[in-house]
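Student: Keeping their order, the protein sequence lines are chains E and D. Start counting at 1 in the first sequence, then tack on 441, and there's your number in our numbering. Start counting at 1 in the second sequence, then tack on 638, and there's your number in our numbering.
Calculated from the structure, these hints are not laboratory results.
Quick list of in silico lysine-lysine cross-link-like pairs, DSS-like style, CA-CA up to 27 angstroms:
| no. | chain 1 | residue 1 | chain 2 | residue 2 |
| --- | --- | --- | --- | --- |
| 1 | E | K563 | D | K723 |
| 2 | D | K723 | E | K547 |
| 3 | D | K666 | E | K563 |
| 4 | E | K588 | D | K723 |
| 5 | E | K547 | D | K666 |
In silico negatives: residues of chain D with every beta carbon more than 12 angstroms from chain E:
| no. | residue |
| --- | --- |
| 6 | V643 |
| 7 | G649 |
| 8 | P655 |
| 9 | Q669 |
| 10 | N671 |
| 11 | M712 |
| 12 | D747 |
Under 7 angstroms between C-beta atoms, here's a sample of chain D residues computed to sit facing chain E:
| no. | residue |
| --- | --- |
| 13 | H661 |
| 14 | D662 |
| 15 | I693 |
| 16 | D695 |
| 17 | S696 |
| 18 | R700 |
| 19 | G733 |
Built from N, CA and C at the ideal position, the CB exists for glycine as well.
Here are the chains, one letter per residue:
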Amino acid sequence: MIKKPQLNNKPVKPDNSNLIPIANFENVILGRQRVREMMNSLGFSLLDQTRIVTAVSELARNIVVHAGGCGEMIISAIEKNNKKGIECIFKDQGKGIADVNMALQKGFSTSNSLGLGLSGAKNLCQEFEINSVVGKGTQVTIREWVKR
Amino acid sequence: MYEEVTILKIGDSIVVPIQVELHDSSAKTLQENILQKIERFGSQGLIIDVSAVLIIDSFLGRVLIDTASMAKLMGAETVVVGMRKEVVLTLLHLGLTMKNLHTALNIEDGFSLLNRLTSSISGNLLGVSHDKKATT
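Could you build all of it, start to finish, from the sequences and the hints given here?
Tutor: Pasting the structure below:
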């Protein structure tokens, strides 16, 4: 009899790091789920999870909509001063943002959307960094620490 | 790939319980399917149950708002029911107030709100004044 492959026979992922290519909207969903799983295991509250996963959704969508799906997100569990946290880096090779401050304003949009994505994501997380080079791409990093 | 969302016809209304995680294109497909059903059944009310939706981001929020205004143009009132408290808090952080959207705590409340909304419309046409609660 042929032995069924074991269900938990998945290749072992690096403990605290996860890279997800973001090429389409389904990848965005996958990214959201991974972040939720990791936050859950780190002990974040349901509200924190909802807040951060929403920010992740906005930032990952930006890669699909504005960078044509040429990008990726990297999720890591982080630690500082005995505090646990999660870090998500969104990297794309899109056309970059000419005026980052303008792009961060509520209601600014180049895609006929509500213009709440980037500004909203910034409001939703504790730490938010953005670097963009026109013609090269954009990198957004968000960090959230477990409250005690 | 679109995971089918069930659209139920109940009396003059249709009820849409969203049970799957929708991405952008599946949310758009659902919007079209809802409008098709309203057209086919001549529905006067639309209830969208989001109690199983874990997150509403700016895109899905906008799809909900747009669907309600489209349904309105087709003669149907929309009530979004069952929004989770975490989702509500996040929407406010995001800056999405959804002030033009009718909402209710659950499907039952949604139906009674729909009844008031649709009866106040026919009441207004007949020149009858109804209680003020029906407006929002």
